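Protein chains: 2
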Amino acid sequence: MMLENVLQAVDDGLDESLERLFSLLKIKSISTDPAFKEECFKAAEFLVEELNGIGFEASVRKTSGHPMVVAHDKGNEGSKKPHVLFYGHYDVQPVDPLNLWDRDPFDPQIKAMEDGSKRIMARGAADDKGQLMTFVEACRAYKAIKDDLPCSVTIFFEGEEESGSPSLDDFLDANKEELMADVALVCDTNMWDRNTPAITTTLRGMLTEELVITAADMDLHSGYFGGAARNPIEVLSKILGQIKDENGHITIPEFYEGVLEIPQDVKKIWDNLKFDEKAFLGSVGLSHPAGEKDRSVLEQTWTRPTFEINGIWGGYTGDGFKTVIPAKAHAKVSFRLVGEQDPHKIRESFRALVKATLPEDCGVEFIAHGASTATRLPFDSDFLQKAKSALDEEWGVKTALSGIGGSIPVVGDFKNHLGMDSLMVGFGLGDDRIHSPNEKYELSSFHKGIRSWVRILDKLAS
Amino acid sequence: MMLENVLQAVDDGLDESLERLFSLLKIKSISTDPAFKEECFKAAEFLVEELNGIGFEASVRKTSGHPMVVAHDKGNEGSKKPHVLFYGHYDVQPVDPLNLWDRDPFDPQIKAMEDGSKRIMARGAADDKGQLMTFVEACRAYKAIKDDLPCSVTIFFEGEEESGSPSLDDFLDANKEELMADVALVCDTNMWDRNTPAITTTLRGMLTEELVITAADMDLHSGYFGGAARNPIEVLSKILGQIKDENGHITIPEFYEGVLEIPQDVKKIWDNLKFDEKAFLGSVGLSHPAGEKDRSVLEQTWTRPTFEINGIWGGYTGDGFKTVIPAKAHAKVSFRLVGEQDPHKIRESFRALVKATLPEDCGVEFIAHGASTATRLPFDSDFLQKAKSALDEEWGVKTALSGIGGSIPVVGDFKNHLGMDSLMVGFGLGDDRIHSPNEKYELSSFHKGIRSWVRILDKLAS
Numbered sequence: 001m002m003l004e005n006v007l008q009a010v011d012d013g014l015d016e017s018l019e020r021l022f023s024l025l026k027i028k029s030i031s032t033d034p035a036f037k038e039e040c041f042k043a044a045e046f047l048v049e050e051l052n053g054i055g056f057e058a059s060v061r062k063t064s065g066h067p068m069v070v071a072h073d074k075g076n077e078g079s080k081k082p083h084v085l086f087y088g089h090y091d092v093q094p095v096d097p098l099n100l101w102d103r104d105p106f107d108p109q110i111k112a113m114e115d116g117s118k119r120i121m122a123r124g125a126a127d128d129k130g131q132l133m134t135f136v137e138a139c140r141a142y143k144a145i146k147d148d149l150p151c152s153v154t155i156f157f158e159g160e161e162e163s164g165s166p167s168l169d170d171f172l173d174a175n176k177e178e179l180m181a182d183v184a185l186v187c188d189t190n191m192w193d194r195n196t197p198a199i200t201t202t203l204r205g206m207l208t209e210e211l212v213i214t215a216a217d218m219d220l221h222s223g224y225f226g227g228a229a230r231n232p233i234e235v236l237s238k239i240l241g242q243i244k245d246e247n248g249h250i251t252i253p254e255f256y257e258g259v260l261e262i263p264q265d266v267k268k269i270w271d272n273l274k275f276d277e278k279a280f281l282g283s284v285g286l287s288h289p290a291g292e293k294d295r296s297v298l299e300q301t302w303t304r305p306t307f308e309i310n311g312i313w314g315g316y317t318g319d320g321f322k323t324v325i326p327a328k329a330h331a332k333v334s335f336r337l338v339g340e341q342d343p344h345k346i347r348e349s350f351r352a353l354v355k356a357t358l359p360e361d362c363g364v365e366f367i368a369h370g371a372s373t374a375t376r377l378p379f380d381s382d383f384l385q386k387a388k389s390a391l392d393e394e395w396g397v398k399t400a401l402s403g404i405g406g407s408i409p410v411v412g413d414f415k416n417h418l419g420m421d422s423l424m425v426g427f428g429l430g431d432d433r434i435h436s437p438n439e440k441y442e443l444s445s446f447h448k449g450i451r452s453w454v455r456i457l458d459k460l461a462s
Numbered sequence: 001m002m003l004e005n006v007l008q009a010v011d012d013g014l015d016e017s018l019e020r021l022f023s024l025l026k027i028k029s030i031s032t033d034p035a036f037k038e039e040c041f042k043a044a045e046f047l048v049e050e051l052n053g054i055g056f057e058a059s060v061r062k063t064s065g066h067p068m069v070v071a072h073d074k075g076n077e078g079s080k081k082p083h084v085l086f087y088g089h090y091d092v093q094p095v096d097p098l099n100l101w102d103r104d105p106f107d108p109q110i111k112a113m114e115d116g117s118k119r120i121m122a123r124g125a126a127d128d129k130g131q132l133m134t135f136v137e138a139c140r141a142y143k144a145i146k147d148d149l150p151c152s153v154t155i156f157f158e159g160e161e162e163s164g165s166p167s168l169d170d171f172l173d174a175n176k177e178e179l180m181a182d183v184a185l186v187c188d189t190n191m192w193d194r195n196t197p198a199i200t201t202t203l204r205g206m207l208t209e210e211l212v213i214t215a216a217d218m219d220l221h222s223g224y225f226g227g228a229a230r231n232p233i234e235v236l237s238k239i240l241g242q243i244k245d246e247n248g249h250i251t252i253p254e255f256y257e258g259v260l261e262i263p264q265d266v267k268k269i270w271d272n273l274k275f276d277e278k279a280f281l282g283s284v285g286l287s288h289p290a291g292e293k294d295r296s297v298l299e300q301t302w303t304r305p306t307f308e309i310n311g312i313w314g315g316y317t318g319d320g321f322k323t324v325i326p327a328k329a330h331a332k333v334s335f336r337l338v339g340e341q342d343p344h345k346i347r348e349s350f351r352a353l354v355k356a357t358l359p360e361d362c363g364v365e366f367i368a369h370g371a372s373t374a375t376r377l378p379f380d381s382d383f384l385q386k387a388k389s390a391l392d393e394e395w396g397v398k399t400a401l402s403g404i405g406g407s408i409p410v411v412g413d414f415k416n417h418l419g420m421d422s423l424m425v426g427f428g429l430g431d432d433r434i435h436s437p438n439e440k441y442e443l444s445s446f447h448k449g450i451r452s453w454v455r456i457l458d459k460l461a462s
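Going line by line, the protein sequences match chains L and D.
Position one of the first sequence corresponds to residue 1 (our numbering), numbered consecutively onward.
Position one of the second sequence corresponds to residue 1 (our numbering), numbered consecutively onward.
Calculated directly from the structure, the hints in this document are not laboratory data.
Model, not experiment: these values are computed from the prediction.
Treat the hints loosely; a few may be bogus.
[As the list claims (entries may be wrong)] In silico SDA-like links for lysine to any residue, alpha-carbon gap of 20 Å or less: (1) D:K322 to L:H369; (2) D:K322 to L:A368; (3) L:K328 to D:D319; (4) L:K322 to D:G412; (5) L:K322 to D:S436; (6) D:K278 to L:A327; (7) D:K268 to D:F379; (8) D:K328 to L:S283; (9) D:K274 to D:S436; (10) D:K355 to L:H435.
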């Protein structure tokens with residue numbers, strides 16, 4: 001049987017797959033640091049060579065920043081096969097502080113753990129070189145057994161994910177036709193746990209806003225004016241302190257418009273995940289869920305909107321004490337959004353509420369930062385169901401349908417620029433230490449990740 | 001009549017008095033800048049010479065910082081005359097930004113104004129060299145007519161007032177006997193307006209405190225944890241936002257214990273002052289008193305306690321946006337205190353309130369800064385009544401009995417170290433630009449200030 005042969009090829013070729021991954025991991029493609037510009041280019045060229053080597057038509061595409069890589073599976077033009085766009089990024093996070101690494105972050109190594117598991121140790125092992133190579137190696141194995149892939153595949157790698165993807169929007173717009181597919185496959189996500197794969201179906205959107213409360217037209221001495229002059233820090237505190245009520249509900253009028261309840265059957269799946277709230281909170285020194293009182297932690301972080309104060313400053317913040325009543329007080333706030341919440345409408349409602357509660361003599365300036373709607377793959381999507389069944393078969397357990405409380409910007413970009421949904425499947429783990437010293441990727445994630453993509457490609461074509 | 005002769009001597013000698021003041025103003029005695037250490041010493045020596053010249057026994061007293069000047073009127077030991085300690089400071093504020101000065105700050109000049117008034121222009125003209133010289137020149141005039149002063153006078157100048165008086169406490173303790181008097185005369189204050197003298201009778205005390213709210217044991221990503229993790233900035237905002245109610249009353253239990261209502265007759269005097277609330281607030285771009293709703297602005301700033309947030313910080317405060325939930329949030333807060341409020345009791349009550357309203361998973365650290373009780377000269381004090389009547393006579397109007405919302409540290413120090421009340425009389429004006437470029441002192445303040453001290457010394461001995 002064809003599929004079994006391909007999976008066997010994956011197993012037989014694992015050592016060579018690892019060698020190729022190590023070659024990529026050795027390239028210091030740190031995108032935020034201009035000193036590593038050449039290394040980023042080298043990583044893009046390496047991937048182009050690899051992809052050309054297994055029968056893709058791949059090329060380095062220059063941008064004003066680091067280059068993109070685009071590769072098409074030859075000979076599938078005009079076929080009736082489902083067309084997928086696989087996305088990954090070849091750039092990595094900086095490595096400092098270097099002294100916290102057990103070894104050279106760009107000298108990858110397999111480390112055997114006491115429990116018998118093995119880890120690939122290197123910067124980028126999990127984020128995102130190891131993840132993207134699972135897909136490349138799946139294609140290689142397929143092509144080694146049969147010339148043709150079951151789906152029509154376009155591969156798209158960027159090299160600026162860790163530095164805010166400044167070239168991405170323009171590139172998507174300029175290459176719309178070439179990149180458009182039936183669905184995007186985004187691999188930048190985690191498993192549920194080391195034995196349970198996951199498909200991420202919801203990502204929260206976000207609204208970020210900065211506000212400046214003004215009062216007197218200069219800083220005042222609290223001895224002379226204290227008691228009679230409005231203190232903008234106090235005004236800011238009162239305003240921000242009232243955005244959530246004692247039950248954790250957000251008090252902005254019509255804020256919850258567009259918030260969707262998840263279907264009962266999905267809720268059931270989530271309940272079966274037996275998410276360990278205590279361990280989750282305990283990992284950062286907390287023990288009590290602080291959000292809406294009538295919601296579980298999974299709901300609080302996946303499917304419920306939030307309000308956060310991400311920064312606040314005003315007055316004297318140095319050593320010692322100054323009895324100043326400042327002229328201004330500042331805060332950066334954000335809302336995580338879900339379902340069909342409209343960030344622009346919420347921005348207006350928030351501003352209206354602030355203005356309405358502003359006392360006499362105070363002004364407010366707003367500075368709009370980003371805004372994005374929540375994204376979700378419908379639970380009844382055909383792609384989702386097929387990928388789930390492929391993952392169920394590979395891992396021998398029920399695949400988790402999970403959410404992510406944050407956002408993966410490229411998923412929103414694919415939706416907004418190309419009108420394309422994303423199927424988010426990745427094999428990272430929560431303890432992979434991405435962005436931190438001693439980043440790792442489980443060898444099992446790499447190996448079974450390759451096998452998983454073989455099965456998913458096969459299933460999507462069925 | 002003796003008094004008239006002394007006043008005539010003041011008038012006749014005004015030009016020479018000004019020359020001596022100018023000599024002092026030319027000395028660059030900036031106490032905060034070590035580069036001017038020698039100049040500070042020069043100012044102290046100049047004053048010692050002047051005082052010795054008019055018959056005091058004066059000396060420079062070294063400290064670990066800038067020297068003190070102590071001078072005793074000879075031949076009054078053991079007399080029955082009232083004994084006064086006159087306090088002033090010879091050091092001045094730095095002068096930068098120099099380009100905002102119309103002329104060299106250390107080259108004093110008389111400037112004639114369009115309204116016919118004249119101003120002494122120089123750094124230190126009002127704060128405090130011009131003020132302290134009114135007293136020295138009053139003594140000189142007295143001694144020119146009659147060898148003896150009507151009171152037993154000790155003069156005490158420091159040179160570190162503008163840099164926090166680091167040597168003062170120790171010096172007072174070490175020279176208690178020598179400096180002790182029946183009352184201190186402190187000249188570092190203002191008139192009510194250019195035609196109305198004032199005696200400051202109340203100074204608010206102060207309690208300063210820093211608090212740090214802690215939640216998770218590290219900064220968190222608001223995508224991953226947002227909705228479930230406690231945000232310490234939000235906790236801090238809620239706590240600080242609740243310290244005052246909608247009427248401006250402070251909600252800390254027993255906070256108002258020891259707050260005294262001012263006597264009806266003093267209230268009447270204040271009403272007659274016709275204080276211009278609009279102009280006061282308007283000078284800094286405000287128009288509505290923000291304090292307790294049932295109190296006038298004079299009460300709000302002179303005789304009512306306050307709560308202020310003087311500084312706040314936490315999370316990301318740089319350019320752009322970071323979706324962080326920080327581990328900590330900080331604030332510096334202060335209370336102005338009046339009457340017999342006990343700062344230590346209030347510190348405890350504030351801390352107890354914060355702790356009681358702290359949600360689960362949060363901690364708080366407190367850092368105690370300064371604490372001082374309010375000081376006041378009883379309205380029925382004999383010294384106060386005599387000085388008032390002397391000022392009434394000199395200026396031909398009713399002297400204002402006023403308050404100061406801030407504190408004059410030396411007044412508290414005299415009370416605490418020497419058990420001595422202070423009679424606060426000065427001839428500065430609100431627009432003297434002390435601490436700012438183009439500092440000035442009204443020539444009328446200097447001239448009639450000297451005459452006022454002649455009358456006060458005369459009256460105190462009566």
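Hint check:
no.	hint	result
1	D:K322 to L:H369	10 Å, holds
2	D:K322 to L:A368	14 Å, holds
3	L:K328 to D:D319	17 Å, holds
4	L:K322 to D:G412	19 Å, holds
5	L:K322 to D:S436	18 Å, holds
6	D:K278 to L:A327	18 Å, holds
7	D:K268 to D:F379	13 Å, holds
8	D:K328 to L:S283	17 Å, holds
9	D:K274 to D:S436	28 Å, violated
10	D:K355 to L:H435	36 Å, violated
The structure does not agree with the numbered hints 9 and 10 stated previously, though it agrees with the rest.
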